[in-house]
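Make a model of the complete structure from these sequences and hints.
There are 2 protein chains.
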Amino acid sequence: MRLAIDAMGGDYAPEEIIKGSLEALRHFQDLEIVLIGRNEVLRGLEGKDKRLNLVYTSEVIENDEAPVTAVRRKKDSSMVIGLQLLKDEEVDAFLSAGNTGALMAGALLTLGRIKGIDRPALAPILPTLNGATVLLDAGSNTNCDAQNLIQFAVMGNVYAQKMFGIKSPRVGLFNIGAEEEKGNEVVKKAFEELKKSKLNFIGNVEGRDIPYGVCEVVVCDGFVGNAILKSMEGIASVISQLLKEELTRNIFTKIGALLIMRGLKRITKKMDYTEYGGAPLLGIKKPVIKAHGNSKAKAIFNAIKQAKNFVDNDVLNHIKKEIESMGDELSG
Amino acid sequence: MRLAIDAMGGDYAPEEIIKGSLEALRHFQDLEIVLIGRNEVLRGLEGKDKRLNLVYTSEVIENDEAPVTAVRRKKDSSMVIGLQLLKDEEVDAFLSAGNTGALMAGALLTLGRIKGIDRPALAPILPTLNGATVLLDAGSNTNCDAQNLIQFAVMGNVYAQKMFGIKSPRVGLFNIGAEEEKGNEVVKKAFEELKKSKLNFIGNVEGRDIPYGVCEVVVCDGFVGNAILKSMEGIASVISQLLKEELTRNIFTKIGALLIMRGLKRITKKMDYTEYGGAPLLGIKKPVIKAHGNSKAKAIFNAIKQAKNFVDNDVLNHIKKEIESMGDELSG
Numbered sequence: 001m002r003l004a005i006d007a008m009g010g011d012y013a014p015e016e017i018i019k020g021s022l023e024a025l026r027h028f029q030d031l032e033i034v035l036i037g038r039n040e041v042l043r044g045l046e047g048k049d050k051r052l053n054l055v056y057t058s059e060v061i062e063n064d065e066a067p068v069t070a071v072r073r074k075k076d077s078s079m080v081i082g083l084q085l086l087k088d089e090e091v092d093a094f095l096s097a098g099n100t101g102a103l104m105a106g107a108l109l110t111l112g113r114i115k116g117i118d119r120p121a122l123a124p125i126l127p128t129l130n131g132a133t134v135l136l137d138a139g140s141n142t143n144c145d146a147q148n149l150i151q152f153a154v155m156g157n158v159y160a161q162k163m164f165g166i167k168s169p170r171v172g173l174f175n176i177g178a179e180e181e182k183g184n185e186v187v188k189k190a191f192e193e194l195k196k197s198k199l200n201f202i203g204n205v206e207g208r209d210i211p212y213g214v215c216e217v218v219v220c221d222g223f224v225g226n227a228i229l230k231s232m233e234g235i236a237s238v239i240s241q242l243l244k245e246e247l248t249r250n251i252f253t254k255i256g257a258l259l260i261m262r263g264l265k266r267i268t269k270k271m272d273y274t275e276y277g278g279a280p281l282l283g284i285k286k287p288v289i290k291a292h293g294n295s296k297a298k299a300i301f302n303a304i305k306q307a308k309n310f311v312d313n314d315v316l317n318h319i320k321k322e323i324e325s326m327g328d329e330l331s332g
Numbered sequence: 001m002r003l004a005i006d007a008m009g010g011d012y013a014p015e016e017i018i019k020g021s022l023e024a025l026r027h028f029q030d031l032e033i034v035l036i037g038r039n040e041v042l043r044g045l046e047g048k049d050k051r052l053n054l055v056y057t058s059e060v061i062e063n064d065e066a067p068v069t070a071v072r073r074k075k076d077s078s079m080v081i082g083l084q085l086l087k088d089e090e091v092d093a094f095l096s097a098g099n100t101g102a103l104m105a106g107a108l109l110t111l112g113r114i115k116g117i118d119r120p121a122l123a124p125i126l127p128t129l130n131g132a133t134v135l136l137d138a139g140s141n142t143n144c145d146a147q148n149l150i151q152f153a154v155m156g157n158v159y160a161q162k163m164f165g166i167k168s169p170r171v172g173l174f175n176i177g178a179e180e181e182k183g184n185e186v187v188k189k190a191f192e193e194l195k196k197s198k199l200n201f202i203g204n205v206e207g208r209d210i211p212y213g214v215c216e217v218v219v220c221d222g223f224v225g226n227a228i229l230k231s232m233e234g235i236a237s238v239i240s241q242l243l244k245e246e247l248t249r250n251i252f253t254k255i256g257a258l259l260i261m262r263g264l265k266r267i268t269k270k271m272d273y274t275e276y277g278g279a280p281l282l283g284i285k286k287p288v289i290k291a292h293g294n295s296k297a298k299a300i301f302n303a304i305k306q307a308k309n310f311v312d313n314d315v316l317n318h319i320k321k322e323i324e325s326m327g328d329e330l331s332g
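Those protein sequences? They're chains A and B, same order as listed.
According to the UniProt record's numbering, the first sequence is numbered sequentially starting from 1.
According to the UniProt record's numbering, the second sequence is numbered sequentially starting from 1.
Careful: at least some of the hints might be erroneous.
What the hints assert, rightly or not - No farther apart than 20 Å at their CA atoms in a straight line, the calculated lysine to aspartate or glutamate pairs in the EDC-like style are these:
1. 269/A with 246/B
2. 196/A with 145/A
3. 188/A with 64/B
4. 188/A with 65/B
5. 244/A with 245/B
6. 265/A with 245/B
What the hints assert, rightly or not - Between beta-carbon pairs, the in silico distance windows are:
7. 113/A with 69/B: 38 to 44 Å
8. 265/A with 258/B: 16 to 22 Å
9. 115/A with 196/B: 41 to 47 Å
Everything labelled a hint here was simulated from the structure, so no lab data went into it.
C-beta: ideal position from N, C-alpha, C; glycine also.
What follows is the structure in structure tokens.
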């Protein structure tokens, strides 16, 4: 498996991206990495590993740039070049922790959509009490119709089957109440369609159900998905900060902290999204994975592992087959 | 101040509602409570306190009932009677932990909207690192236009001024990115309007900013607000459950737990929404407060305290004046 990685994207680029990449090379013997970035950034990596290839680019797409303009103008950016390598079949997948909107826009322009999918979705994994849940869409599509939501459900279902190894993942529709009549018109229509589908649809799920792991797939529009994802991250991060402050307050709390350290580590490992890697852009023709913007080496390592599983399990072809087999059902 | 309380609404009704009410009567000498509920529920409370009045009703609106139908049919429900008492000026405010949709529908039908407000909003308070933030709307309006969002901002601003005692609360527009060009059309339009307003508008805020307390007012549509609120609740509740499991694992962790107990209590107190009371239905002509469905006595006590502050600070009249003074600006 050959993976192209954007060395320039993310809050801790390039150092942490490079560190995570080298760690992954040591760990996976069947992995080849093509690291893409500026000359000065990749300097010193030449000859470091025979499975590490370097591609030099002159430009970088910043986080605050307007996505479409950025990918059209910056033809020699690490992100655009990475997508191009994937299109040219020089690599099997592309990973970036950079500007999410630009990655999606660039992937659409360069690689295109799977036939039958109107809008690709950003599909991060959320840690839960019972394992993990894939949430889609989490940020690409700020206005969705019912048909988009159904397509997300079909893709999420295949993703959960192949990546979590679950035969019949439970699929939930995100809503603001459990009852069938809740929500706006789009959600109500999607509910009807999902009920008729062959998916293992468990009905509406609410924000407070998700972290309890009531289902393996949660479907919603991108605005709502992004709100859910970042709200959960925010509150978890604040609680973790408050805990650190309290545990280091004095000698007694420090002893207390030592006694519960293993437990705290277990919780962190369980609920830490960086353990789960990145978010694929499901519905794009080839495997593109978005790592979290604040990824450090460990998160990059896990995103690489995930990209590898994604390719090794041939998730995209399974999605393509599923969509084809559904045919008219999906075209609204 | 005379407060009507729905003894029948909420997961822990009637016991915890009654307990919280009696506690509030002991605590606030200038409070009178009118407790509304079924005969068998209020039995034994007669003569308990001369500031406690009882109103007997025969019906209860359940959580899974369709709101409008429920309030139209169940004329003798605790919720409808409470709203009627408020309309007839028998009480100064009404508090219920029951069906949120029914409370809003009933309040609209019985009491009506403040002139100039197209849609009232459910406005809960979120705990943050720096105090508290009022989030509106959190569930009533699943489709909002820009004008609705502006009206929420104006109401939230007055609410934060009067309830938090802040002269110029910071107002944030919920969005899926900090940049001005992010989000859907409604949010973009609202951004432009808020920028021109005299509010202390700080721009877009994301889910992960909210718990850090970057602003005192967060504006969004009800579907998104509900998603934010419940996602935060869900993840906080899961973390708290995991902590409890780890701290009681063995003798060492139990000793550790003892050493850090005071710190944990401080965190709980800081981040526990039950400390902050209920959510007013802002935009309704009279003070109606929704307590959380899973309120126990402490949460009810705090919701009563909040209802009292709401009335004592004359928040609704300040909102009415503000809306009047803005006149055409708000009518889109």
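Verification of the supplied hints:
1. Distance check on the hinted pair: residue 269/A and residue 246/B sit about 13 Å apart at the alpha-carbon level, within 20 Å; holds.
2. Using a Cα cut-off of 20 Å, the hinted pair residue 196/A and residue 145/A holds, with the two alpha carbons roughly 17 Å apart.
3. Proximity of residue 188/A to residue 64/B is assessed by CA-CA distance (about 16 Å); at most 20 Å being required, the pair is judged to hold.
4. A hinted pair counts as satisfied when its Cα atoms are at most 20 Å apart, and residue 188/A with residue 65/B qualifies at roughly 17 Å.
5. As the CA atoms of residue 244/A and residue 245/B are separated by approximately 19 Å, the hinted pair is consistent with the 20 Å bound.
6. Of the supplied pair hints, the one linking residue 265/A and residue 245/B holds, its CA atoms being roughly 13 Å apart against a limit of 20 Å.
7. Residue 113/A and residue 69/B have their C-beta atoms about 43 Å apart, which keeps the hinted 38 to 44 Å range intact.
8. The hinted window of 16 to 22 Å between residue 265/A and residue 258/B holds, with their beta carbons roughly 20 Å apart.
9. Checking the proposed 41 to 47 Å range against residue 115/A and residue 196/B shows it holds: the Cβ atoms sit about 45 Å from each other.
Violation of the numbered hints given earlier is absent; every hint is satisfied by the structure.
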